[in-house]
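Residue numbers (the numbering used here), protein chains in the order written: chain A, 1 to 331; chain B, 332 to 665.
In silico DMTMM-like links for lysine to aspartate or glutamate, alpha-carbon gap of 25 Å or less:
id: 1; chain 1: A; residue 1: Lys197; chain 2: B; residue 2: Asp607
id: 2; chain 1: A; residue 1: Lys331; chain 2: A; residue 2: Glu222
id: 3; chain 1: B; residue 1: Lys453; chain 2: B; residue 2: Asp433
id: 4; chain 1: A; residue 1: Lys194; chain 2: A; residue 2: Asp95
id: 5; chain 1: A; residue 1: Lys331; chain 2: B; residue 2: Glu581
id: 6; chain 1: A; residue 1: Lys231; chain 2: B; residue 2: Glu495
id: 7; chain 1: B; residue 1: Lys407; chain 2: B; residue 2: Asp417
id: 8; chain 1: A; residue 1: Lys331; chain 2: B; residue 2: Asp564
id: 9; chain 1: B; residue 1: Lys623; chain 2: A; residue 2: Asp142
id: 10; chain 1: A; residue 1: Lys194; chain 2: B; residue 2: Asp607
id: 11; chain 1: A; residue 1: Lys331; chain 2: B; residue 2: Asp653
id: 12; chain 1: B; residue 1: Lys475; chain 2: B; residue 2: Glu495
id: 13; chain 1: A; residue 1: Lys331; chain 2: B; residue 2: Glu536
id: 14; chain 1: B; residue 1: Lys376; chain 2: B; residue 2: Asp653
id: 15; chain 1: B; residue 1: Lys401; chain 2: B; residue 2: Asp417
id: 16; chain 1: A; residue 1: Lys149; chain 2: B; residue 2: Glu361
id: 17; chain 1: B; residue 1: Lys376; chain 2: B; residue 2: Asp564
id: 18; chain 1: B; residue 1: Lys376; chain 2: A; residue 2: Asp267
id: 19; chain 1: A; residue 1: Lys331; chain 2: B; residue 2: Glu582
id: 20; chain 1: A; residue 1: Lys123; chain 2: A; residue 2: Glu107
id: 21; chain 1: B; residue 1: Lys401; chain 2: B; residue 2: Glu361
id: 22; chain 1: B; residue 1: Lys376; chain 2: B; residue 2: Glu536
id: 23; chain 1: B; residue 1: Lys635; chain 2: A; residue 2: Asp142
A few chain B residues facing chain A, derived, Cβ under 7 Å:
id: 24; residue: Met528
id: 25; residue: Ile529
id: 26; residue: Ala532
id: 27; residue: Glu536
id: 28; residue: Ala560
id: 29; residue: Leu584
id: 30; residue: Ala585
id: 31; residue: Ala598
id: 32; residue: Pro600
id: 33; residue: Ser603
id: 34; residue: Ala611
id: 35; residue: Ser615
No lab work stands behind these hints, which were simulated from the structure alone. We put the beta carbon where it would ideally sit given N, CA and C, even for glycine.
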Amino acid sequence: MIDVKNLVKVFTAKKGVLGHDAIEAVSHMSFSIPGGGALSLIGESGSGKTTVGRILAGLEVPTSGDIWIQRVNVMTLPPAERRTFLRQVQLIQQDPYQALNPARTIEQSLEDPLKVIARERGKNGAWIQSRVHEVLLRVGMDPGSVLNKYPHMLSGGQRQRIVIARALTVEPKVLVADEAVSMIDVSLRLGVLKLLKDLRQEFGISLFFITHDVASARYVGEDGQLFVIYKGQVVESGPTDEIISQPHHPYTQALLSAVPVLKGLEDPGPDRFIPLRGNDQEQVPDTACIYEPRCPFAQAKCQKERPVLQGAGHAYACHFPVVRRVVATMK
Amino acid sequence: MALEFEARDFHPRGMQIRDLHVIYQTNQGEIPAVNGVSMAIAPGKITGIIGESGSGKSTLAMALMNAVPKPGRIVKGSVVVDGAGDMLTIDKKIRQKVRGRDIGFVFQASQNSLNPLIRVGKQVLDLGRSHNIKDLRALLRRAKELLERMGMDAERILLSYQHELSGGMRQRVGIMLALVLEAQVVILDEPTTALDMISQASVLEIVRQIHQERHLTTILISHDMGVVADLADNVVVMYGGELAEAGSTEEILAHPLHPYTQGLIRAIPRISGPLDQAIALSGSPPDVAALKVPGCLFASRCPKRLPKCENSRPIYEAIGSDRYVACFRGTEHD
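Okay, chain A solo, but in the shape it has when bound (with noise of 0.2 Å):
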C-alpha cells in the first residue's frame, strides 16, 4: 500500500538577472492506496499529473511531502536506500518503444533486472529462465515466440505487455501507469488494461493509473478512488464511479464530455458542453479559482475567492456545485 501526505513539488525556472519564476506543478496532494486497490489521476497535459507519477517512482524528488510505502517513509530513507526501496514502485510511461532498448531482445531486456535479483537471493540461472517465463505467460505472451524478438518487431501493445513484464520481475508492490494506453492502438487498448486490473487482483498491487481517459479510469478501477487534477491542484475526488455518476465541478463535467458519444448506440447526456478553447497557458491570480478563465459557469465570486476542496469521501473545490448530466446513456 501508498500513502502521500501533502505532496508539493514546486519548479524554478531561471529568469535571467530577475530572479526565479517559481511554477508549483503539485499542490498538496495527499491520497491513499490500499494493496491491491486503485487511484486514478485525470486532467490534460500540463495538469501535473505527470510529475506525481515521477515522484512516486522516485525519478523526482518533491519539494514537501511525504510518502509512504509499506508503512516506511521513504522521504527518510538514506538515498541509496531509497533507490532499492524504490523497485516496489515501476513506473510504466506513455511511450513502450522508448522504454525497451531497441538493440536488445525481448529476453536479454526480462533478464537484466532478474539478474540482480538472483544475485541478491543467490539463485541461479534456471531460476532466471522460469522467471522470464512466468512474466510472460502472466502478461499472455507466448515466450518462445517473442524472446528471440526486437522491440520493433511487435505491436504497441505487445511492447507494453513486454513493459508490464519486466516491471513484475522484481514483484513490485505499486504499479505506476502514466498514459500507459493512449500510443497503443484503441482496439488493443482494452486488453492492456484489462491485463493492468488483473494484476491488482492477482499480487495485491496497488496501481497508480495516470490518464486522460475517464473511461479507461473506470476499466482499471471502477471500485477504486478518481482525482480530477487541474494545474497541479485537485478540483475532485472521490469513489470513481461515484464522481462519474455525480460530476460536480465543471472541470470534471467538461472531462466526461469529452468522451466521444457512440452514435446509433448511445444518447448523449442532456448537459454535454463542449469547451472550444483549448487550454490557456494563462496565469490565475492566487485569489481566483484556477479554472475560472475556462469556466462556462463562473460567476463574480470565482474570480474574488479560491475555493477549497471540501467534503469527505466525495470532495470537489468549487464554490457553486451542480450535478449536471453530462455523461451519455446507452439507447
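With the hints as your guide, set chain B onto chain A.
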C-alpha cells in the same frame, strides 16, 4: 464574416474511388498496402475511415491526393473528385492546384507538418502564392476568421512559430491551412491522436461546425471507433488494406455485421453501462506474411470463423442500400 463565403457556389463534391491498389516495395517483396478499394464518398457528408495501425488507412488517404510517399506506389485504380477529374491521371500541374484549392489535407500529427522556421502567417502567404492567389490580404483575413472561429487569438497565432503553440493549437492551425483556400473536400488523418480528451473534443466540435457551415465533404481517418462514431455520418472499416464493412454510422454501431467491426465496438471502454460489456479484441493486425494468405484476412482473430474462411477470401459486396460487408456470414446478426 460569413459574407465572403456566401457568394461562393456551395455544391458539395463527392469522390468515387475505384479498384485502388497501392503497393510498398520492400526487402521482403511487394506489400499490398491498399488492395482493391472501391467506395463512393458521399458529397456533403463526413465519412469516417477506421482501421488499426498498418491497415492501410493513411496510405489510402495519401492515395486520394495522389501523394503516396516512396517506396509506395499506386499501381491501379481511379480517384475521381467531382469537378476536378481523376487525381491519378490529371496533369501534374493541375493536380498540385487541386491539392489545397479543392482538397484540403490535415496531416497526422500536425505538429510536424508546420514549417518550424517561419511564422504561421508567412506560411499562409506562401500557400497563397503557390496557388497564384492575387488578393493575399483577403487570404490573411480568411485565415484570421478561421482561427477566431476556432476560439483562438488570431493575431497572436499568425505571428507565432510552431514551437510556441500547444498540440491542440497546432492541430487547429493545420485545419485552418487546409481550409483557407476554401477547399470543399477535406481529408483529416488522425486529427486528434496526440491530443488529450478535452482538446480532442473541441477539435472534433470545430470540424463538425465548419463542415456544416461550409457544406464540405469531409473524410476523417482514425483508429478510434469512438471518435468516428461521434463525428461521422458514414463509417468505412478497413482491415489489412481491404474494406471489411461500410454503412451509416447508426447502422454500423447498432448492427455491425463483420466480426471485426463487432470486436472494435466491444473493445471501447465506456463511462456508462456494465463494465464487463467491454471485451478486448484478441490477436494483432495481420503482418506482411498474413496478407498473402488465400483466406479471409481476419480469420485468425475471428471468433465466428467457418472452415471455408481459411481457404477463400470473402468478397466485399453490397447487402442493402449503402451497406457493404466482406464476410461469409454476411447478413447474419449476433
